[in-house]
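Please construct the entire structure, taking both the sequences and the accompanying hints into account.
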Amino acid sequence: MGRLAGKVALVTGGANGIGKAIAARYAEEGAKIVIADFNEEALEGTVESFKGSGYEAFGVRVNVAEEEDVKRMVDDAVGHFGRVDILVNCAGVLDYMQAAENVEDAVWDRVMAINVGGVMRSMRKVLPLFTAQGGGIIINLASIAGLTGGRGGLTYTAAKHAVVGMTKNVASHYGAQGVRCNGIAPAQVETGLTQSTEGYDMFGLQQATRGVQLMNRAAQPLEIANIALFLASEESSYINGVILAADTGWSAY
940 MGRLAGKVAL VTGGANGIGK AIAARYAEEG AKIVIADFNE EALEGTVESF KGSGYEAFGV
1000 RVNVAEEEDV KRMVDDAVGH FGRVDILVNC AGVLDYMQAA ENVEDAVWDR VMAINVGGVM
1060 RSMRKVLPLF TAQGGGIIIN LASIAGLTGG RGGLTYTAAK HAVVGMTKNV ASHYGAQGVR
1120 CNGIAPAQVE TGLTQSTEGY DMFGLQQATR GVQLMNRAAQ PLEIANIALF LASEESSYIN
1180 GVILAADTGW SAY
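Residues in the sequence shown are numbered from 940 upward in steps of one, following our numbering.
Everything labelled a hint here was simulated from the structure, so no lab data went into it.
Be careful, since some hints might not be right.
Using C-beta positions, here's what the derived DEER-type ranges look like [what the hints assert, rightly or not]:
1. Phe-1142 <-> Gly-969: 44 to 54 Å
2. Gly-1180 <-> Asp-1014: 20 to 30 Å
3. Val-1181 <-> Asp-1044: 28 to 38 Å
The calculated DSS-like cross-link candidates involving lysine-lysine, where the alpha carbons are at most 27 Å apart (straight line), are [unchecked claim]:
4. Lys-1010 <-> Lys-1064
5. Lys-990 <-> Lys-1010
6. Lys-1107 <-> Lys-1064
7. Lys-1107 <-> Lys-1010
Note that CB positions come from ideal geometry on N, CA and C, so glycine has one too.
Structure follows, in structure tokens:
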């Protein structure tokens, strides 16, 4: 207990799923939590739940695809808690497993704006704060699709490869200034985001899941949150620029 005592953590996509699980683990370890999410109803419910558990929590509605929203998100976090020490980029959307020939421009634009642009904008905003205060931690939620070629639709795969590249770039450029930037690449996680296949490109889905029988099981959000806690704590102080695959060995086959 107390591994993040005195720290302020900003979690995008923090009202549901993996983001919520990460925020909860951080809160349990003493962090003050800024929950940022587009879903206002879920955001309000999560913040109230955290406060009811005795955690210090503050909510900000944000569309990470919009620059002004991201600026306001970070400014409000600093205004409320005085600083930000940890940024977790968890906000993201799926691409309906659209194979290359079936990619729709609207899907491409939305996924890139949120999954890539949102990560870039959030990091761009916090990095001056981190360098000024002598350090900070960034954790980006990538995907096994960011480490392999065939585990997702084309757009999602391209976006998560970009997240992997940005993570390594920031770690390389800002490590000497006390910034650690790492990523987590989960395979299937049991959240509401991935439970329905309505509207999916069935060809793309079939191709992307050909090797799924080699994966022992899907992860629980808490299992990903525990990894995020390790990466945010001093226990991982010598780890920077790493993308940690969380897939029960699926990508090893």
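Now for the hints, and whether the structure bears them out:
Separation of Phe-1142 from Gly-969 is about 48 Å and conforms to the stated range, judged on CB atoms against 44 to 54 Å. Evaluation of the 20 to 30 Å hint for Gly-1180 and Asp-1014 yields a pass: the beta carbon distance comes to about 28 Å. About 34 Å separates the C-beta atoms of Val-1181 and Asp-1044, a value consistent with the hinted range of 28 to 38 Å. A threshold of 27 Å between alpha carbons decides the hint, and for Lys-1010 with Lys-1064 the separation of about 7 Å falls inside it, so the pair holds.
Between Lys-990 and Lys-1010, the direct Cα distance comes to roughly 25 Å. Compliance with the 27 Å bound is thereby established for this hinted pair. Only pairs whose Cα atoms come within 27 Å are accepted, and Lys-1107 paired with Lys-1064 is accepted, the gap being roughly 18 Å. Our distance criterion of 27 Å between C-alpha atoms is met by Lys-1107 and Lys-1010, whose separation comes to about 23 Å.
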